[in-house]
Amino acid sequence: MRTDRRAERVDVRKTYKLYVGGAFPRSESGRSYPISTPRGRFLANAARGSRKDARDAVVAARKALAGWSGATAYNRGQVLYRVAEMLEGRRDQFVAEVVDSEGTTARRAESTVDAAIDRWVWYAGWTDKIAQVAGGTNPVAGPYFDFSIPEPTGVVAILAPQESSLLGLVSVVAPVIAGGNTSVVVASEDRPLPAISLAEVLATSDLPGGVVNLLTGATAEIAPWLASHMDIGGIDLCGASAGQRVELERLAAGTVKRVARAPESTPDWSADPGTGRLRRFLETKTVWHPIGI
Amino acid sequence: MSWEYAPAPESRETARLKSSYQMFVDGEFVDGNGGAFKSVNPATEEVLAEVAGADATDVDRAVCAARRAYERVWGPMPGRERAKYVFRIARLIQERARELAVLESLDNGKPIKESRDVDIPLAAAHFFYYAGWADKLEHAGFGSNPRPLGVAGQVIPWNFPLMMAAWKLAPALAAGNTCVLKPAETTPLTALVLAEICQQAGLPPGVVNVLPGGGDTGEAVVAHVDVDKVAFTGSTEVGKAIARQVAGTRKRLTLELGGKAANIVFDDAPIDQAVEGIVNGIYFNQGHVCCAGSRLLVQESIAGDVLSALKDRLQTLRLGDPLDKNTDVGAINSAEQLARIQELTAAGDAEGATRWSPSCQLPDRGYWFPPTLFTGVTQAHRIAREEIFGPVLSVLTFRTPDEAVAKANNTPYGLSAGVWTEKGSRILHVAQRLRAGVVWANTFNRFDPASPFGGYKESGFGREGGRHGLEAYLAH
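Quick note, the sequences are listed as chains F and H, same order.
The numbering of the first sequence is the numbering used here, which starts it at 884 and goes up by one.
The numbering of the second sequence is the numbering used here, which starts it at 5 and goes up by one.
Among these hints, one or two may not hold up.
Said to hold, decoys possible - FRET-style restraints, in silico, Cβ to Cβ:
hint, chain 1, residue 1, chain 2, residue 2, range
1, H, R20, F, D1155, 53 to 59 angstroms
2, H, F33, F, P1022, 33 to 39 angstroms
3, H, A245, F, A989, 27 to 33 angstroms
4, H, D271, F, E1104, 49 to 55 angstroms
5, H, D139, F, P1022, 17 to 23 angstroms
6, H, D316, F, P1022, 35 to 41 angstroms
7, H, E407, F, A1086, 31 to 37 angstroms
8, F, P1022, H, V229, 36 to 42 angstroms
Said to hold, decoys possible - To spell it out: a stretch of chain F is covered by chain H in this simulated footprint if at least three of its residues, at any positions, have a beta carbon under 8 angstroms from a beta carbon of chain H; those stretches are:
hint, stretch
9, 1024-1033
10, 1134-1140
11, 1165-1173
Simulated from the structure, these hints should not be mistaken for lab results.
Each residue gets a CB set at the ideal place from its N, CA and C atoms; glycine is no exception.
Let the sequences and hints guide you as you build the complete structure.
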């Protein structure tokens, strides 16, 4: 029983903003929207990203591409591992946010956060192995040295899963950047808070600004601008609504984007991820050179 | 000394040309409902044969046959047995190679030395290569349980008719899929002989179906609800339309589309070899090559030397009868394609570039265009941006490696590129920065069934050739 209410400390709440080019701006549109728990308790206002925010994010992602795709695979692996370290250190915060966002129990949220941390470790280890698994030399019938290597597609747009606010998000973002792509991510519309906190982790993990750009807001409003954007090479439609998927895929066709279709049912994000998502946004480059003296 | 060549034509009898060709559905040759059309020899404009055209009902019949064959025969068949059928096809192509080569040159207009030495051997090699994969799919790196997709609808272009058919059919069959193949309207004949080869190989009915026809037929194949996989090679424009069409379906898609490849020649390149590579890059197959090196980027300091050597070399090219063994440059495949080349080269003139062609006599009949190059080309010119798909080279210059890479990548396409330099570290530096699916260093236009081929950006996605080529036909 508290007797002196004036002495109680008022907590400092966080303003949730976008994450673009390594900075945390508000939406240029000035808009926000309220975020609540599944039971309706108000949590915070999130920025409602606009078309202009999406375009700024693409510019930031394009700017970051040369550095990130040109970094050594060893370096990318260390950065991704660093993300896992940072996430581990803030485990309790993410457990609380997942509980709030997904309305799940603390125990289930703990296993979700653990799986998300482990997923970064999984992909951290892949950065310097995928080229050997997905590439190789080709025994052509002639005096040529011929080899194939995987290279990143470029800037990839990701519509993050709507349900799984952290593990689902990590499961779609980590493989894209592990392969050397940069990304523009639209967080779960109703559950964006763990995503913004994850952006804080990324910002303090030596991940160069612009490699991951995170937008919050209405997925259906932002997605068409990304799907039709000429400077985006691929798009993951995971979090697109069933009603909008066809439209987005058609828009993506306009620039021959690589499209990862939305899964037919909600995936089990805790399952072994395999290499499917890692390969999804990689191109194969084949180089020939004559052999001779 | 005179360097006149006596004519050395292949006998057209070798082609065993028939006056009419039927479509191949469910293991039988049948008439189509789409109305017969004529296939023309582009070198003479003579009608070669009447070909049965397929309409939507024929497509439906073929897809149903393919589905039945997939479910009852081909899908359940052990890989080692499937392999032997595909090996048989490879052998039969080798046995009938000369017939196929002559027929290809008649139907397509390409020189016999190209169909004989490139198209047909590569088609056979492709079947031979993928046959060996049929019983080794679990070792291909696509998981422990790779499965076929089902029925593949495949639409191919006219520039390498038989070879494109092989690129599509071989990996699909090896992976356990059945196929409905739509050859190009102007070059259906060798695909129909390939159908006959499937019969001779004893391939179960319905596993391969060949439906000649035009754009409507292709659209019907792509649109059919029971097709699980669509594979297309052709223009970027049509590729985009197909991608829109399959949006929202379960169909898997691979696209091999257009290109505007840069062929970069640095100042330390061996000029004579580079010139051979430039010529092979853009004048091979009359420039009807999606990966053609249509933009020559030559370092400014050697531009004069390269151009004069190139012009000397072009002067020696022999244009004419595709069946003549000494012919280097054959006919343009169709009146429509010729008109497009003429339109774009006229735009080159109008926009201020300078046109040059060797003096050469074009035959009176048929569709012909001389080997042509444009100098004074800027990046804004249409001939530097649009795919011409003809024997037309746009020459641009650069000063630094960075400028070369920036200009090479300044295109929505990304199929191929060439680099000529004696410096190994520069090759790797430039190859790494080129946004293209195939980079030929000190060579150009090399193809091999073991080597993955396909584009970046608007040149498409998916690979054909090698282990990578299986992925397009496997669920994993």
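Status of each hint after checking the structure:
| no. | hint | verdict |
| --- | --- | --- |
| 1 | H/R20 x F/D1155: 53 to 59 angstroms | 55 angstroms, holds |
| 2 | H/F33 x F/P1022: 33 to 39 angstroms | 38 angstroms, holds |
| 3 | H/A245 x F/A989: 27 to 33 angstroms | 52 angstroms, violated |
| 4 | H/D271 x F/E1104: 49 to 55 angstroms | 52 angstroms, holds |
| 5 | H/D139 x F/P1022: 17 to 23 angstroms | 19 angstroms, holds |
| 6 | H/D316 x F/P1022: 35 to 41 angstroms | 37 angstroms, holds |
| 7 | H/E407 x F/A1086: 31 to 37 angstroms | 35 angstroms, holds |
| 8 | F/P1022 x H/V229: 36 to 42 angstroms | 40 angstroms, holds |
| 9 | 1024-1033 | holds (count 5) |
| 10 | 1134-1140 | holds (count 5) |
| 11 | 1165-1173 | holds (count 8) |
Of the numbered hints listed earlier, the single one contradicted by the structure is hint 3.
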